[in-house]
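Asks: Given next are the chains, with one letter for each unit.
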Amino acid sequence: MDFIAKIAFKNLFRSKLRTLVSIAAIAFGVMIIVFARGIVLGMIETIYDDHIQFNSGHIKIVTEEYQKRERLLTLNYPVDGFTGEGVGGMMAELEKIEGVEMVIPRLKFGAMVSTEDELVALSGWGVNPGLELAFTDLENDLVEGRMVRPGEREVVMGTALLEKINRQVGDKVTIVYNTAFGSLKGSTFTIVGRIESTLKLLNETVVYLPLDQAQALLEMEEQATELLLVTTNLKTVPRVLPAVRGLLAKAGAGDRYLVLSYRETSDLIPLMDLSRIIFNYIYLLIVLLSCIVVFNTMVMIIRERTKEIGMMTALGMEGKDILQLFAIEGAFMGVAGSLAGAVLGHLVTAYLGKVGFDYGQALSSMDAEILFDTMIYPVASAGNTIFAFVFGVIVVTLACLIPARRAARLEPTMAMRE
Amino acid sequence: MALLELKGVKKIYDQGKIEVPALRGIDLRVGQGEFTTIFGPSGSGKTTLLNLVGCLDKPTAGTIIFDGRKLDDLDKKELAMIRRHSIGFIFQSYNLIPVLTAYENVEFALRLVNKYNPRETRDRVLDILSAVGLEGLAHRRPNELSGGQKQRVAIARALVKEPKLVLADEPSANLDSKTSEEVLAVMAKMNKELGTTFIFSTHDPLVMAYARRLIEIRDGLIAKDQRREQDAVLN
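From first to last, the protein sequence lines stand for chains Y and A.
Just so it is clear: in the first sequence, position 207 is 207 by this note's numbering, and no numbers are missing.
Just so it is clear: in the second sequence, position 141 is 559 by this note's numbering, and no numbers are missing.
Next comes chain A alone, as it looks inside the complex (with noise of 0.2 Å):
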């Protein structure tokens, strides 16, 4: 079964007297695993479709299904619990909070998931921190950071509670080559660890050469899905 399934999905954003078709009817299926790359043009559709896929906006019509709940049926808070147990978010700009360390704003998402007692939150955090190569810098603040290091409290932040689904918008958008190179590859790392589903939205051909799937969108549309038996780095 697929951990993700889309069907006829069309979002329309009504701007007053005009309606802007963002998405025109999306079928899709994402399995478990997966480490899919959605490229496109700016404005053919990608962050729509990762908002809906994120359970942070609803289709104006069609049916997402996701690890098998029908979304269109779900309410603010459902989505919201959805998002806080199986989902995971790397933004652009990372977003951390700037007056939390490293260490807090990876607790933090730990700490809405509300499941673990003090000792195994301390745990899960220093374990995620240290998989992403942050080790020893758990108590500095993001304006102490890189920019790479910075996203790298990011994925922790977004893997620290084992989503089913991980879900980047440029990540690399605001690093060097060098940097984004290093952050794909401790992502790659964790889709191939812990088995998580990664779905990028991306301009960059570096996010797009460690893909093994790459959906190409075009006015709303899925123009081309192709898939690859290896990545083009790690193979």
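So here's chain Y without its partners, still in its complex pose (with noise of 0.2 Å):
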């Protein structure tokens, strides 16, 4: 076995150039690998972040009839505690729950600006300012002012928002919005803080305000209308749900809530582990094309070689010696240039996964009710990079044992003849 590997070894330097030319395919395949799955792994990971720093947390709870019209930033279905005592002390309740780290209020309700020409449509978000700090990634996009402060008449919003109505931080605006009682009223706010957030939601339509604030502007005391619980990490989700479902119904309070684990509340994440199992398909196509040139390289070794193999047949070597032979000149071709790729395309995701690549302009017709980050940044993962070596190199071998298989099946008279 050594011996044959050592001269598989050695007719790689053959013909340097159509080695090189195989070895430099498979690379390109095993590099766009890395690649193309770092883009997929960091697009679905920033989905999955978004999704619950913006929408589900892990773990959701809304009334039933607030899901269904969640769009329309419906007042009429909030949460308002088990049997209407206030949210304060379901929260309280949902905290001790083990597992559950955090619970989030949050208090969403359609508002309205008016510039000198129109009328710009956002969404006020009432929020607990220090929890939505500590569980959320604004502080970064956070690039002006502060963050709101419980029992202040302040708001902060984002970059885009604010160059449509023309203010700026430290400005006033007014807000005019519709309360719980269905009656128009406007507040005039001061502006604390910008956000400058990929996400366009934040960046176009959020409005943060405290959210004592909200539920006094808005009359709804002790309300909210959704609640977000953050487990420990995400595999305690499935452990957590029932626990919350159970307090939910012993407290009287099992038919009006929807506990939601976050994979229930997302289009787009059902939508990417398909895509995830899709682009498994487009790897496999995109090693094959480059398997091509290796196959093809090694039909023309194996014809050039052909009298070779008869010599090596008549001094005793069986079938799968000649199979072993070639496949392992194949594997080394596979095993150089899936190296070559793996690395080269570590490389490239690594230093794209610090840039990023901004999308932004492909994505300005998008609603932004959709949780779509305009930055892409490929994640170079060890696991990734191991992975698309281990499959450029299993792929390339076993495209490699078709022409072998050939090669070992020559009977060594018609071989000598060639």
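Some clues are possibly wrong.
Unchecked claim - Chain Y is faced by these chain A residues, among others (derived, beta-carbon under 10 Å):
| # | residue |
| --- | --- |
| 1 | 475 |
| 2 | 488 |
| 3 | 492 |
| 4 | 495 |
| 5 | 498 |
| 6 | 501 |
| 7 | 502 |
| 8 | 503 |
| 9 | 513 |
| 10 | 517 |
| 11 | 521 |
| 12 | 522 |
| 13 | 533 |
| 14 | 575 |
Unchecked claim - Cross-link-like lysine-lysine pairs, in silico, DSS-like; alpha carbons within 27 Å at most:
| # | chain 1 | residue 1 | chain 2 | residue 2 |
| --- | --- | --- | --- | --- |
| 15 | A | 494 | Y | 320 |
| 16 | Y | 320 | A | 476 |
| 17 | A | 494 | A | 428 |
Just so you know, the hints here were simulated from the structure itself, not pulled from any lab data.
All C-beta atoms, glycine included, are put in the ideal place defined by N, C-alpha and C.
Two chains, two frames, a set of hints: combine them into the complex.
Replies: See below:
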């Protein structure tokens, strides 16, 4: 075996250019895989993060009616405790559940700001500032000023929204909204912070204000439109879900509220999971395309060495030894190409993972409600690189087995006659 | 007991609708240590006979007994094992592996036998290279050797495993007469020293001059089988 491997290795240098072209083709395919997987992983990670941070938490508690009308930002179906006693007590009970680290209330409502020539629609989010900063990446996006403070009539909004309404940090803004009882009101706030986010929703639509202020203005004391539960990690969600449902049922609120995991509240996550499977087939296709070059090389090599194969058989080599010889030669090319491709792919992905790339232009017409980040940061993970390397080696070796089998089946007398 | 015995061996090649008889019924016995030449015109069946004797092909009819074993009953793997351990081949165009050195080409045959430890392998390879006059050239690749030197490497490769039989198909065809003579002298020496049986297929009168037994084949049949007490060159 070691001598066969030695011959296979030396055979690589018979036609250096041909070997190099084959290795380059494999390297290219594997590099594309590392990079493409890095992008997909980065995209999926971002989608998960954005969805969890700005929509669902790990577990979301809403009323069934609110869930149906969520896009309308209705105030008629709030979370107001187990039996209407107020959300504070309910949050305290939920925090006691093992695995729950945080309970975050949000009060979302539709609002407008009038500029000289148009009415700009926006989404008001009454929040607990401390919890929001602790749970989300908002602090990184807060490029100017500070986050709102409880008890203060102040707001934080995105750069694009500020530009649209022609305001800046420090200015006052009057926001028009409907209270929970349907009366139209307007309140003036001080803009204390500016968010610059790659998430269209935060940049163009959301206005953060303190929860207590939102509750007071909307006449929704001790109410929120949703509660987000943050668990120790994603893996604990399936364990925490029944405990939350059990608590609500025990408190007589089992029928009022929906307890939804982060997976149940996103259309994008199942789509991404499906795309991950589809992409796996695309990776296979990419490597198979690279394999055509290697396959062609192997066919040429075997044609050229037919007489040599005959000689080896005459000397007593068996078909399986010949198969091994060519399979190992292919595997060497597979290893060299896959290694080069994996390393190059990792470096490119790592670099782009730092600087990211902006495809906001392509998403400019997308609804801000869809939590799709305009920046992609490909993930350069060791797992991804190792996967692409192993994948490349296996597929190339398997592809080489086809011509190698042909070589192994050659009759010595026929081969010698060539 | 003969090393090799052929009884009524026929070989017919099936070329579509036409059947081409290459051997029409060969009866032959070759003893241990013989230095035999098979000659005859092109297409007479020399190479076919060598292929059958070398376990590279099977006869259409008849029986071949090699070293007491009936070859007709053996499968591919068993035939490969006989070739690996008991038969050495020398080809007209040397058929050395170009990426291996002279040493490695010879080592290749020994590695297949897989009977010797690394030290024994090394000693055997160097000894046989020295015996065929290639001392100091062990680390040269085939493209760095002359035709005669390449054929010596091929001889060393055939002999290193100490086979019972060496088959040489036109071993001098690509060599000039001086080199042919040198190479034949090496083989004759090996035959005498090791007692290895040699069967040549050739047109070359020089090769025939070295032989102690001359078998002429015509139209797939043995036309003449002549033994000589002494060869015409070394005596």
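Asks: So, for every hint listed, does it hold in this structure?
Replies: How the hints compare with the structure:
1. 475: holds, 5 Å
2. 488: violated, 19 Å
3. 492: violated, 13 Å
4. 495: holds, 6 Å
5. 498: holds, 5 Å
6. 501: Holds, because the Cβ-Cβ distance from residue 501 of chain A to chain Y comes to roughly 4 Å (cut-off 10 Å).
7. 502: Nearest chain Y Cβ about 2 Å off; hint holds.
8. 503: Check passed: Cβ of residue 503 of chain A comes within 7 Å of chain Y, closer than 10 Å.
9. 513: The hint holds - residue 513 of chain A has a Cβ within 10 Å of chain Y, the shortest such distance being about 4 Å.
10. 517: holds, 4 Å
11. 521: violated, 12 Å
12. 522: It holds, given that the least Cβ distance between residue 522 of chain A and chain Y is near 8 Å, below 10 Å.
13. 533: Constraint on residue 533 of chain A not satisfied, violated at 12 Å.
14. 575: For residue 575 of chain A, the interface hint holds, since the closest Cβ of chain Y sits about 8 Å away, which is under 10 Å.
15. A:494 with Y:320: It holds: about 12 Å lies between the C-alpha atoms, which stays within 27 Å.
16. Y:320 with A:476: Given pair residue 320 of chain Y, residue 476 of chain A holds - Cα atoms ~21 Å apart, limit 27 Å.
17. A:494 with A:428: Judged against 27 Å, a Cα distance of about 19 Å means the pair holds.
The structure is inconsistent with the numbered hints 2, 3, 11 and 13, although it conforms to all the rest.
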